[in-house]
Amino acid sequence: MVIYGVALLAGCMMLGLIIGDMLGHMLGIDANLGGVGIAMLLLIFSTGYLKTRGKLPEATVSGINFWNAMYIPIVVAMAASQNVVAAFSGGLVALLGGALAVVLGLALVPVIAGKAPRAAAPNIPAARTEHLSTRIANR
Amino acid sequence: MLQSLLELFDKYHLVAAFAVIGLTMYAAYWISTHLTRGKLHGSAIAIILGLALAYVGGKLTGGNDGLADITLFTGLGLMGGGMLRDLAIIATAYGVRFEEIREAGMRGVTALFAGVVVSFLAGGLVAVGFGYTDPVDITTIGAGAVTYIVGPVTGATLGASSEVIALSIAAGLVKSILIMVVTPMAARFIGLDNPRSAMIFGGMIGTTSGVAAGLAATDARLVPYGAMTATFYTGLGILLAPTVLFIAVRAIF
Numbered sequence: 001m002v003i004y005g006v007a008l009l010a011g012c013m014m015l016g017l018i019i020g021d022m023l024g025h026m027l028g029i030d031a032n033l034g035g036v037g038i039a040m041l042l043l044i045f046s047t048g049y050l051k052t053r054g055k056l057p058e059a060t061v062s063g064i065n066f067w068n069a070m071y072i073p074i075v076v077a078m079a080a081s082q083n084v085v086a087a088f089s090g091g092l093v094a095l096l097g098g099a100l101a102v103v104l105g106l107a108l109v110p111v112i113a114g115k116a117p118r119a120a121a122p123n124i125p126a127a128r129t130e131h132l133s134t135r136i137a138n139r
Numbered sequence: 001m002l003q004s005l006l007e008l009f010d011k012y013h014l015v016a017a018f019a020v021i022g023l024t025m026y027a028a029y030w031i032s033t034h035l036t037r038g039k040l041h042g043s044a045i046a047i048i049l050g051l052a053l054a055y056v057g058g059k060l061t062g063g064n065d066g067l068a069d070i071t072l073f074t075g076l077g078l079m080g081g082g083m084l085r086d087l088a089i090i091a092t093a094y095g096v097r098f099e100e101i102r103e104a105g106m107r108g109v110t111a112l113f114a115g116v117v118v119s120f121l122a123g124g125l126v127a128v129g130f131g132y133t134d135p136v137d138i139t140t141i142g143a144g145a146v147t148y149i150v151g152p153v154t155g156a157t158l159g160a161s162s163e164v165i166a167l168s169i170a171a172g173l174v175k176s177i178l179i180m181v182v183t184p185m186a187a188r189f190i191g192l193d194n195p196r197s198a199m200i201f202g203g204m205i206g207t208t209s210g211v212a213a214g215l216a217a218t219d220a221r222l223v224p225y226g227a228m229t230a231t232f233y234t235g236l237g238i239l240l241a242p243t244v245l246f247i248a249v250r251a252i253f
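Chains A and L, in that order, give the protein sequences. To convert, note that position 130 of the first sequence is 130 in the working numbering; the numbers rise steadily by one, no gaps. To convert, note that position 17 of the second sequence is 17 in the working numbering; the numbers rise steadily by one, no gaps.
For the record, the hints were derived by calculation from the structure and aren't laboratory data. Since this is a predicted model, take the numbers as computed values, not measurements. Among the clues, some could well be false.
Said to hold, decoys possible - Computed Cβ-Cβ distance ranges for the label pairs, DEER-style:
hint, chain 1, residue 1, chain 2, residue 2, range
1, A, Val103, L, Lys39, 17 to 23 Å
2, A, Glu58, L, Pro184, 33 to 39 Å
3, L, Glu7, A, Gly91, 35 to 41 Å
4, L, Leu5, A, Leu95, 37 to 43 Å
5, A, Ala10, L, Val15, 18 to 24 Å
6, A, Gly54, L, Leu6, 47 to 53 Å
7, A, Tyr49, L, Trp30, 26 to 32 Å
8, L, Tyr26, A, Ala59, 26 to 32 Å
9, L, Trp30, A, His25, 45 to 51 Å
10, A, Glu58, L, Val15, 22 to 28 Å
11, L, Asp10, A, Ile18, 30 to 36 Å
Glycine is no exception: its CB is placed at the ideal position from the N, C-alpha and C atoms.
Turn these sequences into a full structure, and let the hints steer you where they fit.
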C-alpha cells in the first residue's frame, strides 16, 4: 500500500528529528542538529534492508517517490514565501557568495581529479551508462 | 461571487497552493524549452519565478512571507513550510545506495567533503565581508552557498531570520544557475571529459539541477556520473552545516 511508503518516510523523519534533537541537547545547542540528514541516512538504510529482503513492493515505493517528485515544487513554494524584498537590500552577498563558491568549486575539480586518464570518455561502457541512467531516471 | 471565490481559496489554501505551484512549474518548463531551448533548467526558472512572486507579494503587503502574505496564497506558506519541505527532501535520498559512494572512490568522497566545506567557506567569507557577525547568519549564508536547500534547512534549524534565509536561497540559486551556464565553457579547462572527473565535479558542486543541466550541456554521457555524487551532496551539507560547521563558526565569532 502507498501509505506504507509514506509511513516509512514519515517514521524515518520523526526518528531522525528525535535523534537530531537529542544531539542538540547533548551539545547544549537549542537546535535540531542534522535531523534531516540523519533521517535521509535512515531512509537509505531501511529501504536498502527491505529491498534486499524483497519486502519493498512497487506500491510502497510509490509512496516515497511521490514526495521525492514533490521536492522541486515544494522548494518553489518555499521560494515564493520568502522575504525576498528584505533580501534585496543585501543582494550582493548572495551574488558574490554564490559566484565565489562556483569559482572555487570548479578550480578544485582538476586538483582532486589529479591526472585524468585521457580519452576516457569515449570508453564509457554502454551497459554501465545505461545502468546508471535508469537508476537516475527512477529517482 | 468574487468574495465567495476568495473565501474558497482561503478555506482550501493548501490545495490552492498545489494548483498555483503546478501552474508556475508549467510556465517555468515552457519558458525553459521555448525561450532558453532547454539551456536553463526548468526547475531553476521555477525557483526564480517563485522568488519573483515572493518579491511582488512582499512589495504588495509589506509582510515577511512573500506571496504567502496575500490571503489568496496563504497555502504556499504551508506547502513550502518546514514540515512538507523536510519530508520531500528526505524522500530524495530514496534509491541512493552506499555502494554508489564506493564506486565514486576516495576522490569522490574527498570532493564531496571539500565541495561542501569550500562552498560554505565562500558564502561565509562573503557574509563576513559584508559585515555579518552573528554566527547563525554567517552559517546560514555559507550553507546557502552549499545549495539552496542546505541554506534554508540550516537557517530554519538555527532560527535564522527570513531575510537571511532568503539570502541563502538566492546564493544557492546564483550558484546553480552559474553552473548551468559556465560548465560547458569551463569543461575543457578543468578536464571535465571523463566519468571520474564528472563524479568529482558532481561532488564538488553538488547542486543537482545545476550539475545535471551543466553536464547535459557539456556531454550528456557524463550526466549520470555527476548526478550520482551530487545526490549525496545535499544530504552531507544538511548533516554538516548546522552541526560541525556551525560549531566551527561559533567558535570563531
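Tested hints:
One distance hint, 17 to 23 Å for the beta-carbon pair A/Val103 and L/Lys39, holds here, with the actual separation near 21 Å. Roughly 37 Å separates the CB atoms of A/Glu58 and L/Pro184, a value that falls within the hinted 33 to 39 Å. Roughly 37 Å separates the CB atoms of L/Glu7 and A/Gly91, a value that falls within the hinted 35 to 41 Å. Distance hint check for L/Leu5 and A/Leu95: the Cβ-Cβ separation is about 40 Å, which falls inside the suggested range of 37 to 43 Å.
Checking the proposed 18 to 24 Å range against A/Ala10 and L/Val15 shows it holds: the Cβ atoms sit about 20 Å from each other. The hinted window of 47 to 53 Å between A/Gly54 and L/Leu6 holds, with their beta carbons roughly 51 Å apart. Judged by the Cβ atoms, the range 26 to 32 Å given for A/Tyr49 and L/Trp30 is violated: they are separated by roughly 42 Å. With their beta carbons about 28 Å apart, L/Tyr26 and A/Ala59 fall inside the hinted range of 26 to 32 Å.
The hinted range of 45 to 51 Å is satisfied by L/Trp30 and A/His25, whose Cβ atoms lie roughly 48 Å apart. Here the CB-CB span from A/Glu58 to L/Val15 is close to 27 Å, well matched to the stated 22 to 28 Å. Restraint check, L/Asp10 to A/Ile18: a C-beta distance of roughly 34 Å satisfies the suggested window 30 to 36 Å.
In the structure shown, a violation is registered for the earlier hint numbered 7 alone.
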